[in-house]
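Asker: Residue-level listing of the chains:
2 protein chains.
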Amino acid sequence: MTFTDLVRTRRSVRRYKPDDVAPALLDTCLEAARLAPSACNSQPWLFHVVQGTLKSDLARAMNSGLYGKGLNAFIDEAPLIVAVETLPRERLAPRLAGLIRNVRYEMLDVAIAVDHFTLQAAELGLGTCWIGWFNEKAVKEQLGLPPKSRIDVMLTLGWPDDRGAPKNRKPLGAIVRRHGTPSP
Amino acid sequence: MTFTDLVRTRRSVRRYKPDDVAPALLDTCLEAARLAPSACNSQPWLFHVVQGTLKSDLARAMNSGLYGKGLNAFIDEAPLIVAVETLPRERLAPRLAGLIRNVRYEMLDVAIAVDHFTLQAAELGLGTCWIGWFNEKAVKEQLGLPPKSRIDVMLTLGWPDDRGAPKNRKPLGAIVRRHGTPSP
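Residue numbers (the numbering used here), protein chains in the order written: chain H, -6 to 177; chain D, -6 to 177.
It should be emphasised that the hints constitute simulated quantities derived from the structure, not laboratory data.
Just to be clear, a hint being listed does not mean it is correct.
Since the list can't tell identical chains apart, any single copy or any two copies may satisfy a pair.
What the hints assert, rightly or not - Below 25 Å or equal to it, Euclidean Cα-Cα: the simulated BS3-like pairs (lysine-lysine) are:
| id | residue 1 | residue 2 |
| --- | --- | --- |
| 1 | Lys160 | Lys133 |
| 2 | Lys133 | Lys163 |
| 3 | Lys163 | Lys141 |
| 4 | Lys62 | Lys133 |
| 5 | Lys10 | Lys160 |
| 6 | Lys141 | Lys160 |
| 7 | Lys10 | Lys130 |
| 8 | Lys62 | Lys130 |
All chains, full assembly: derive it from the sequences and hints.
Answerer: Below, the structure is given as structure tokens:
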């Protein structure tokens, strides 16, 4: 499969079969995430993989309070949930760089690693869904993480039980501006 | 090439040959970015592709002031620079979601699109380098963008003129925590 085909194949899956995901397949996805680039190679990520009854508790925590409007009711269908903890930058120089530029680079890094995870899953025929709308406080309590820790992204993983729909994207002309002419 | 191989192949390229990148190859990278997922399908990205003498002016702007300590002196070697403008979320619901969760989801979205771009480039044999440390104000002036616009990520694109080095990453055990046991 070419990369273009892989990108076309990947989609958000919100219906899952109850079948388990073999540990080796999960680890292949984690390995693709592990190899992701990050600013100053800081690798500011910790992947919490949750399954079984704990996973159902976590799904409830995600959808609790303000976040329980049914939008993500499918979460508990997936056999696995991954909560990605965003770690603070350890080294001083990149931390200062983030402060000066006012950019949370760690978030960019986490997004790259999770993108790798989801693309690897798609190549294996697995389905994922990025989830950004969840009760972070309740999730951290459920996982026993301190209040100061950060979880910006979660995702579901499992075998798709839907057919997907064609992608709806802006045309290339709407997302590209070309400046300058080639050097003679 | 499997996705794992592609991820292993992609690396940060900081030395470039002077050869031009054919427009069709550039467009293949932009197409992979175009198909990237984003929160609520908001596609909050605008890719400014800069070449020729304008590119050299932009490289100077990136490295101007506080940012001119030689760290990114290689930038002008690349035949192309891409400045990725992060657009604000248009629809109210996702904007509110970002405010409530205190997450700049647009940054996550941009990172995914740029990750697609860099992986597609790697498949084509092209080199890229993510750049987060640059004089954003000077870059926006150079591109004629308003002060309120945001550029969180830039990248170089061209033909690699180095051999690369092995990746240095934390082992899987250091980036994964497993919670719960499979359902019986």
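Asker: Does each hint fit the structure? Answer for all of them.
Answerer: Structure-based check of each hint:
1. Lys160 - Lys133: neither (33 Å within a copy, 31 Å between copies)
2. Lys133 - Lys163: between (36 Å within a copy, 23 Å between copies)
3. Lys163 - Lys141: between (38 Å within a copy, 23 Å between copies)
4. Lys62 - Lys133: Answer is within; shortest intra-copy Cα gap is 20 Å, inter-copy 40 Å.
5. Lys10 - Lys160: within (22 Å within a copy, 36 Å between copies)
6. Lys141 - Lys160: Close neither inside one copy (37 Å) nor across copies (31 Å); limit 25 Å.
7. Lys10 - Lys130: neither (29 Å within a copy, 49 Å between copies)
8. Lys62 - Lys130: So lysine 62 and lysine 130 pass the 25 Å test inside one copy only (17 Å; across, 41 Å).
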